[in-house]
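**Q** Sequence:
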Amino acid sequence: MRIAQVAPLYESVPPKLYGGTERVVSYLTEELVRQGHEVTLFASGDSITEAQLVAACERSLRLDKRCVAELAHHMLLLERVFQRAEQFDVIHFHVDYLHFPLSRRQPYAQLTTLHGRLDIPDLVPLYEEYDDMPLVSISNAQREPLAWANWLATVYHGLPENLYRPRTAPGTYLAFLGRVCPEKRVDRTIEIARRTGIPLRIAAKIDPVDQDYYEKEIMPLLDGASDDVEFVGEIGEAQKDEFLSHACALLFPIDWPEPFGLVMIEAMACGTPVIAYRNGSVPEVLEDGRTGFVVNGMQAAIDAVSRVREISREECRKVFEERFSVRRMARDYVRVYERLAAQSAGRRPRK
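Here the sequence shown stands for residues 116 to 466, numbered as in our numbering.
Hints were generated in silico from the structure; no laboratory data involved. Warning: the hint list may mix true and false statements.
[Stated by the list, open to error] In silico lysine to aspartate or glutamate, DMTMM-like type, Cα no more than 20 Å apart, as pairs:
#1 K355 x E429
#2 K355 x D338
#3 K131 x E153
#4 K331 x E357
#5 K331 x E276
#6 K433 x E453
#7 K131 x E349
#8 K433 x D356
#9 K331 x E352
#10 K320 x E349
#11 K331 x E306
#12 K131 x E298
#13 K180 x D403
#14 K320 x D356
#15 K355 x E276
#16 K433 x D418
#17 K320 x E276
#18 K180 x E153
#19 K180 x E298
#20 K180 x E332
#21 K320 x E357
#22 K131 x D322
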């Protein structure tokens with residue numbers, strides 16, 4: 116198939132450091148190319164891909180200190196997509212609803228994977244207006260606030276099977292990997308580690324919008340912590356393997372309706388169990404008692420840490436390979452692409 120992948124411009128594809136959406140777009144794009152599809156990636160100019168790259172800006176916007184008008188670059192991105200729209204059997208958007216007014220007025224097959232939270236009241240009238248836009252969710256829990264929208268499928272994220280090397284030996288510390296923000300609850304992570312007496316390593320990105328929260332809420336906890344709590348900072352793909360595989364468990368004590376939680380399957384790929392609060396997609400992604408523990412509060416999380424050696428690291432890796440490989444993700448998307456392409460064939464203008 117001739118497939119267009121349209122990525123956000125905030126990070127490169129793949130991202131240099133943190134960036135969940137762009138990372139998933141990269142995995143999907145490269146796997147589709149590997150499977151023999153003709154793929155065009157619309158992304159920032161510093162992206163790296165085996166697909167044909169169409170750049171809407173020179174470099175990812177988060178790393179470009181000169182950029183002050185991010186929307187302008189995304190408008191140019193959409194213009195370049197629709198200038199070439201007739202070249203593709205399907206256009207796969209990862210830019211939320213930005214393209215809806217244009218896509219509604221075009222005859223070409225298109226779909227949107229929504230990567231973020233949907234429990235925002237402002238979204239309701241927008242998706243009511245654009246209830247004809249074909250959507251894909253990344254978990255069943257994600258779609259609940261807009262259950263009536265035009266959902267075509269749920270496609271769980273997937274990773275390349277050779278991306279991480281599983282480690283069978285038990286790890287020596289607890290790990291946190293993600294962003295420092297109120298909903299990720301680094302404060303809970305620190306409390307769990309302190310109360311269990313197990314060393315904690317925190318690898319986390321701090322966005323400018325969360326800097327004040329970090330300084331007021333998290334830094335005092337770190338200042339008062341023992342040497343067994345280490346704030347590593349933001350890490351990239353190359354460092355994740357060692358960071359996750361040498362942990363005895365990944366802590367994921369979230370306080371929000373997580374749409375997916377890519378770090379959970381990254382940990383599984385390394386053979387590392389996950390201890391996560393029951394929010395959003397967590398019960399869909401984790402298998403309680405098999406790949407970790409799904410808990411309902413602080414004491415349950417502490418108890419789960421004491422039981423983490425009951426979880427087989429080999430089983431964690433096995434579940435990852437069965438459920439969360441990039442091959443499975445690409446196969447699921449191709450099914451959706453083929454259905455949409457068949458439906459739109461009669462609507463395209465004749466040449």
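**Q** Would you mind marking each hint as holding or not holding in the structure?
**A** Going through the hints against the structure:
1. K355 x E429: Cα-Cα ~19 Å, so holds.
2. K355 x D338: 25 Å, violated
3. K131 x E153: 25 Å, violated
4. K331 x E357: Measuring from Cα to Cα gives roughly 30 Å; hence the hint is violated.
5. K331 x E276: 40 Å, violated
6. K433 x E453: 29 Å, violated
7. K131 x E349: 11 Å, holds
8. K433 x D356: Holds: K433 and D356 sit about 17 Å apart, inside 20 Å.
9. K331 x E352: Measuring from Cα to Cα gives roughly 29 Å; hence the hint is violated.
10. K320 x E349: 5 Å, holds
11. K331 x E306: Cα-Cα ~16 Å, so holds.
12. K131 x E298: 24 Å, violated
13. K180 x D403: Outside the cut-off at roughly 44 Å; violated.
14. K320 x D356: Roughly 17 Å between the alpha carbons, so the hint for K320 and D356 holds.
15. K355 x E276: 14 Å, holds
16. K433 x D418: Violated, because 25 Å separates the two Cα atoms, which is more than 20 Å.
17. K320 x E276: Violated, at roughly 25 Å.
18. K180 x E153: 34 Å, violated
19. K180 x E298: 27 Å, violated
20. K180 x E332: 27 Å, violated
21. K320 x E357: 18 Å, holds
22. K131 x D322: 15 Å, holds
Of the numbered hints listed earlier, those contradicted by the structure are 2, 3, 4, 5, 6, 9, 12, 13, 16, 17, 18, 19 and 20.
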